[in-house]
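S.K.: One-letter residues, chain by chain:
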Amino acid sequence: EAGVAQSPRYKIIEKRQSVAFWCNPISGHATLYWYQQILGQGPKLLIQFQNNGVVDDSQLPKDRFSAERLKGVDSTLKIQPAKLEDSAVYLCASSTHRVKESGNTIYFGEGSWLTVV
Amino acid sequence: KQEVTQIPAALSVPEGENLVLNCSFTDSAIYNLQWFRQDPGKGLTSLLLIQSSQREQTSGRLNASLDKSSGRSTLYIAASQPGDSATYLCAFGGSARQLTFGSGTQLTVLP
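Chains F and S, in that order, are what the protein sequence lines are. Residues 1 to 117 in our numbering are what the first sequence lists, from first letter to last. Residues 118 to 228 in our numbering are what the second sequence lists, from first letter to last.
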């Protein structure tokens, strides 16, 4: 089975510019996550989708970050304007489980590496 | 707020040694606990998933245990190999089925 696909893999931008990351989850996975991983830290959840609805975006900096999942499949994460502290790996993940069901394995993509200079 | 702590932050062992990685969490309302492996420049690969009703899971040379009462999980790696070198992350699965990660243990197995 194909894994979680992300693009671009690497991006370097100047502060105050904008950037967008794309994610294609594993086919049939209803739940999609975006995580931010700063160097030396564990991933931090930014937003969780169930199909095309937002389950949790409490840690998403909404003044500069936005995400959408049209048609409940692919998702895009946008940052505008970028700050130096946004330099991180942005990981997309997907899983089969619904919010109220017992947990299943979560599958991660290889990440999109962002450097803001 | 859930906090997940991993000790040690880094570990270096000679090949063949058995080792234990530790993970502790503060919230007792746990649904599952997962251990992941992350290689440099790569995403995360799920190693073991322990449901809250279970006490341990095994896969090959890996064994993970869960003690909800003490808020701890351990990952035991038997007969370590250089190919086991990576960062190991534990993740707490809470009520919303989100994962809260620790900062990881960077493992180096020396040939």
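FYI, nobody ran anything at the bench for these hints, they're computed from the structure. Keep in mind that the hints are not guaranteed to be accurate.
[As the list claims (entries may be wrong)] DSS-like mimics (lysine-lysine), calculated; alpha carbons at most 25 Å apart, straight line:
no., chain 1, residue 1, chain 2, residue 2
1, F, Lys78, F, Lys62
2, S, Lys159, F, Lys83
3, F, Lys44, S, Lys185
4, F, Lys44, F, Lys11
[To be verified] Derived DEER-like restraints, expressed as beta-carbon distance ranges:
no., chain 1, residue 1, chain 2, residue 2, range
5, F, Glu85, S, Arg178, 32 to 42 Å
6, F, Ser66, S, Ala195, 44 to 54 Å
7, F, Trp22, S, Ser129, 34 to 44 Å
8, F, Ser18, S, Arg189, 38 to 48 Å
9, S, Thr175, F, Pro8, 36 to 46 Å
10, S, Asn135, F, Ser58, 17 to 27 Å
[Unchecked claim] Partial list, derived from the structure: chain S residues whose beta carbon lies under 10 Å from chain F:
no., residue
11, Leu128
12, Val130
13, Gln155
14, Gly160
15, Leu161
16, Lys185
17, Gly210
Quick reminder that beta carbons are idealized off the backbone N, C-alpha and C, glycines included.
S.K.: Next step is simple, just say for each hint if it's right about the structure.
M.R.: Each hint tested on the structure:
Distance hint between Lys78/F and Lys62/F is fulfilled; the C-alpha atoms sit about 10 Å from each other, no more than 25 Å. Taking the CA atoms of Lys159/S and Lys83/F, the gap is about 24 Å. The hint holds against a cut of 25 Å. The straight-line distance between the Cα atoms of Lys44/F and Lys185/S is roughly 23 Å, inside the 25 Å bound, and the hint therefore holds. For the proposed pair Lys44/F and Lys11/F, the alpha carbon gap of about 20 Å is at most 25 Å, so the pair holds.
Take Glu85/F and Arg178/S: their Cβ atoms lie about 39 Å apart, and the range 32 to 42 Å holds. Between Ser66/F and Ala195/S the C-beta distance comes to about 46 Å, which sits within the given range of 44 to 54 Å. Between Trp22/F and Ser129/S the C-beta distance comes to about 38 Å, which sits within the given range of 34 to 44 Å. Ser18/F and Arg189/S have their C-beta atoms about 43 Å apart, which keeps the hinted 38 to 48 Å range intact.
Evaluation of the 36 to 46 Å hint for Thr175/S and Pro8/F yields a pass: the beta carbon distance comes to about 38 Å. Between Asn135/S and Ser58/F the C-beta distance comes to about 40 Å, which lies outside the given range of 17 to 27 Å. Annotation: interface hint on Leu128/S violated; nearest CB of chain F at approximately 15 Å, more than 10 Å. Annotation: Val130/S was flagged as interfacial toward chain F, and the flag is violated, the nearest CB pair being 21 Å apart, outside 10 Å.
Against a cut-off of 10 Å between C-beta atoms, the interface hint on Gln155/S holds, since the closest Cβ of chain F lies about 9 Å away. Because the beta carbon of Gly160/S sits about 4 Å from the nearest beta carbon in chain F, less than 10 Å, this interface hint is met. A least Cβ separation of about 4 Å between Leu161/S and chain F falls short of the 10 Å threshold, and the interface hint therefore holds. Interface restraint check for Lys185/S: the shortest CB-CB distance to chain F comes to about 14 Å, outside 10 Å, so the restraint is violated.
Interface restraint check: Gly210/S against chain F, minimum CB-CB distance 5 Å, threshold 10 Å, status holds.
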